[in-house]
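With chain A's structure known, arrange chain B on it following the hints.
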Amino acid sequence: MRIHTAVVVALGLLGIASAGRLAFAQASPPGPDLTGSWGSINHEDALERGQGPFLVDYLGIPFNEEGRALALSTSLSRFQTIERQCQLWPPDYIVIGPQGLKIWTTNDQVSGAVIAYHIGAIEDRAELVIWMDGRSHPSAEAPHTRAGFSTGQWKGNTLIVRTTHVKAGIIRRNGAQHSDEATYTTYFTRHGDRMTATVFIRDPFYLTEPLVISKSLQLNQANNAQSPIGVPCVAGYEGTSAEAVPHYLPGQNDALDDLPKAYAIPREAALGGAETMYPEFRKKIKDAYVRPERCLRNCGGPAGRGGGPPPPPPQGGAPAPATPR
Amino acid sequence: MHGWCWKTGLSALVGVVSLVWLSAPLAGQGGAPPQGPPPPPPPRAAAPIDLTGYWVSVVTEDWRYRMVTPPKGDFQNIPVNAEAVKVANAWDPAADEKAGDQCKSYGAPSIMRVPGRLHITWVDDNTLQIETDAGQQKRVFHFRAAPAAQPSWQGTSTASWELPARAGGAGGQAPGPVPPPVNGTLKVVTTNLRPGYLRKNGVPYSEKTTVTEHFDVVDDMNTPWLIVESVVDDATYLQQPYVRSTQFRKEADGKGWDPSPCSSTW
Chain A
2 MRIHTAVVVA LGLLGIASAG RLAFAQASPP GPDLTGSWGS INHEDALERG
52 QGPFLVDYLG IPFNEEGRAL ALSTSLSRFQ TIERQCQLWP PDYIVIGPQG
102 LKIWTTNDQV SGAVIAYHIG AIEDRAELVI WMDGRSHPSA EAPHTRAGFS
152 TGQWKGNTLI VRTTHVKAGI IRRNGAQHSD EATYTTYFTR HGDRMTATVF
202 IRDPFYLTEP LVISKSLQLN QANNAQSPIG VPCVAGYEGT SAEAVPHYLP
252 GQNDALDDLP KAYAIPREAA LGGAETMYPE FRKKIKDAYV RPERCLRNCG
302 GPAGRGGGPP PPPPQGGAPA PATPR
Chain B
-8 MHGWCWKTGL SALVGVVSLV WLSAPLAGQG GAPPQGPPPP PPPRAAAPID
42 LTGYWVSVVT EDWRYRMVTP PKGDFQNIPV NAEAVKVANA WDPAADEKAG
92 DQCKSYGAPS IMRVPGRLHI TWVDDNTLQI ETDAGQQKRV FHFRAAPAAQ
142 PSWQGTSTAS WELPARAGGA GGQAPGPVPP PVNGTLKVVT TNLRPGYLRK
192 NGVPYSEKTT VTEHFDVVDD MNTPWLIVES VVDDATYLQQ PYVRSTQFRK
242 EADGKGWDPS PCSSTW
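So the protein sequences, as listed, match chains A and B.
Heads up, the first sequence is in the working numbering, so the first residue is 2 and it goes up one at a time.
Heads up, the second sequence is in the working numbering, so the first residue is -8 and it goes up one at a time.
Bound conformation, chain A alone:
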C-alpha cells in the first residue's frame, strides 16, 4: 500500500508539471504577432496600385507566349459585364492592390493555439483563411475558389503560406492573368511595426518563372483601422451590354503603344517576358531608350499631382489625358 501511494503521488507530481509546460507552449505563437490593422505603404508601383497600370504593361512579368496572348486579348470592359463585376480579385491582390490588411486569428478554445489566421476581405477580394493546424490541402479535383485554400507554418519570424485551388485571376491590374492551376507561396515577415508581404506566383500555363511581388505594410491600429469585411458588391449596368463579350482579336489591341509613347519604354519591354526582370535586359534596350526630357503625367510630388513646373502646351490637337486608359 505504501509503495502504491508513493508511486501515485510521484506520478501525479510529474503529470502536473508536464501539463503546465505543454499548455503554455501551445498557447504562445511561435512567430511574432501579425494580428491587427496594417496600412499599405504604397511607395512602390504607386500608379499600378492606385489609378492602375497601362493596359499593355507587362514589364517584369515572366510571361510565355500563351500568357502574353491572353493578356493582349483581354479588354478591361470584360470586368464591367454583369456576371464579372463581383467576381473578386485573387489572393495576390493583397500585394498588387492599394488596400491594407486586417488580420485576426481563430484560436483553440482549450489550448489557445492559433488554428487559423484570417486576412479580411475588401470590396473586391475574398477573405483569406490560413490554416495553421497541419491539415492537408484538398485533392486536385476539389473545387477552386476566389480565395483558394491556404495553409501556413512559421519559420522563425516569417509566416510561410501556401495557397492552392485558386480560380483564374489577375496578376496585374490590367489584362495580365494567371490560370486556375496557379499556386502561391506568400511570406509575411514582421520587423517592428512594419511587415513585408512577398508573394511568389507560379503558373505552369502562363509563366516561365515565378512572379515575385512584395509590399510593405505599417501597423497602425489607431489611425488606420482596417475593416474585416468589404463593401458588398452590387452588380449593375456599367455601359457594357449583356450580349457583349469585350475582347481584342489577335493583333487588334490598340493599347500596345500607350506605355511606350508615355515613357519611351521600348515595346518589347512592355510586352514582358522573363528577360525583362534581369539586369542584362538593360543592355538590350539601352540604345532603344531615349529618356524623355521631363515628366508630363503621373509625376507624383508633395500634392500628388506632379511636382514639377507645368509642362509646355502640346503642339496642336487635344491635350494628353492625365491618366492612363
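By construction, these hints were calculated from the structure, which means they are not laboratory data.
A portion of the hints provided could be inaccurate.
Unchecked claim - Simulated crosslink set (SDA-like; lysine to any residue; CA at most 25 Å straight-line): (1) A:LYS262 <-> B:PRO62; (2) A:LYS284 <-> B:LYS241; (3) A:LYS103 <-> A:GLU67; (4) B:LYS77 <-> A:ASN299; (5) A:LYS156 <-> B:ASP210; (6) A:LYS156 <-> B:THR227; (7) A:LYS284 <-> B:ALA85; (8) B:LYS89 <-> B:CYS253; (9) B:LYS241 <-> B:ALA38; (10) B:LYS89 <-> B:THR256; (11) A:LYS168 <-> A:GLN219; (12) B:LYS77 <-> B:THR227; (13) A:LYS284 <-> B:THR227; (14) A:LYS284 <-> B:ASP83; (15) B:LYS77 <-> A:PRO293; (16) A:LYS287 <-> B:PRO155; (17) B:LYS246 <-> B:PRO215; (18) A:LYS285 <-> B:ALA85; (19) B:LYS178 <-> B:GLU153; (20) B:LYS199 <-> B:PRO215; (21) A:LYS287 <-> B:PRO106; (22) A:LYS284 <-> B:GLY91; (23) A:LYS103 <-> B:PRO155; (24) A:LYS156 <-> B:GLU153; (25) B:LYS199 <-> A:ASP194; (26) A:LYS156 <-> A:GLN178; (27) A:LYS287 <-> B:PRO62; (28) A:LYS168 <-> A:HIS138.
Just chain B now, kept in the frame of chain A:
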C-alpha cells in the same frame, strides 16, 4: 521484514527522483558557485541565415524607375517635400559627370534598387561585405564598433542579428541547452552619408539621412531568395520614411557578374 524494507526503499527512491526532477531549475543554488554564461559566438558563427554568395536583382516592381532612367520631375512613389522638388527640378546629369559625382544614385539609400548583382562575403568574423557589380560599390557592415570615417556614398553601417523570440514566449523557456535559431534577420543601420539621389533622375537625399534595412532569406522551392526591406529617413527632403522591399535570387556562382561603372544618365 525484508519485504517491508524493499517497499520502503522503493517509495523513498521514487520520491527522491521526483523531487530532484522538479527542482532541476534550482540546481546549483545550494552547491558550487554558478558558472557564468559562455561568451557569445562571433557574428559570423552566430549567423542564423546564410547571406553569402552571389545574388541577382529580380525587377518586377518600379520597373521604369530602375531599369531605365526616368525623366526629370518624376517623383511618383517617393514622399518628397517641396524642397526636394526644387532640388530635383534642377537635376543636371552632365554637371554631375563633370564634377565626378556620377555615383550619386548608387549610395546606400538607393544601391539595392539598382539592377545588378550582389556578392556577399565575410571579411572577418565581425564584418560582412556586399559588393555590387552595378556601380562597383562596396558596402561594409560592422557588427562591432565601426572605425571613424569620412562621409561616403555607402556611409557607415552598423549590423546586428535579430533573432525570433523562442517558442513559448517570455517565461516559457524550457531548461537545457539553447537550440540554434531556425531563422533570423540581419538589421543594418547606415548613417554618415554623402548627399545623393534616391532616384537616378535627381530626387535627393541629404547627409542627415539614416537608412534602416532588414535582410531576410526565404527558401522558396529550394532556391534561396533575399528580401531587403529598406526604410529611408530624411527630414530634409522627405515628408515621411520612404519604405521599399527588394528581391534578389541566389545564383550558383559568379558567372553573371558584370562590373560596370557609375553613370549619371544610365
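Structure-based check of all given hints:
| no. | hint | verdict |
| --- | --- | --- |
| 1 | A:LYS262 <-> B:PRO62 | 13 Å, holds |
| 2 | A:LYS284 <-> B:LYS241 | 21 Å, holds |
| 3 | A:LYS103 <-> A:GLU67 | 36 Å, violated |
| 4 | B:LYS77 <-> A:ASN299 | 18 Å, holds |
| 5 | A:LYS156 <-> B:ASP210 | 10 Å, holds |
| 6 | A:LYS156 <-> B:THR227 | 39 Å, violated |
| 7 | A:LYS284 <-> B:ALA85 | 21 Å, holds |
| 8 | B:LYS89 <-> B:CYS253 | 13 Å, holds |
| 9 | B:LYS241 <-> B:ALA38 | 17 Å, holds |
| 10 | B:LYS89 <-> B:THR256 | 12 Å, holds |
| 11 | A:LYS168 <-> A:GLN219 | 29 Å, violated |
| 12 | B:LYS77 <-> B:THR227 | 12 Å, holds |
| 13 | A:LYS284 <-> B:THR227 | 35 Å, violated |
| 14 | A:LYS284 <-> B:ASP83 | 23 Å, holds |
| 15 | B:LYS77 <-> A:PRO293 | 19 Å, holds |
| 16 | A:LYS287 <-> B:PRO155 | 44 Å, violated |
| 17 | B:LYS246 <-> B:PRO215 | 18 Å, holds |
| 18 | A:LYS285 <-> B:ALA85 | 23 Å, holds |
| 19 | B:LYS178 <-> B:GLU153 | 7 Å, holds |
| 20 | B:LYS199 <-> B:PRO215 | 34 Å, violated |
| 21 | A:LYS287 <-> B:PRO106 | 14 Å, holds |
| 22 | A:LYS284 <-> B:GLY91 | 23 Å, holds |
| 23 | A:LYS103 <-> B:PRO155 | 23 Å, holds |
| 24 | A:LYS156 <-> B:GLU153 | 14 Å, holds |
| 25 | B:LYS199 <-> A:ASP194 | 23 Å, holds |
| 26 | A:LYS156 <-> A:GLN178 | 30 Å, violated |
| 27 | A:LYS287 <-> B:PRO62 | 15 Å, holds |
| 28 | A:LYS168 <-> A:HIS138 | 15 Å, holds |
Hints 3, 6, 11, 13, 16, 20, 26, counting from the list given before, are not met by this structure.
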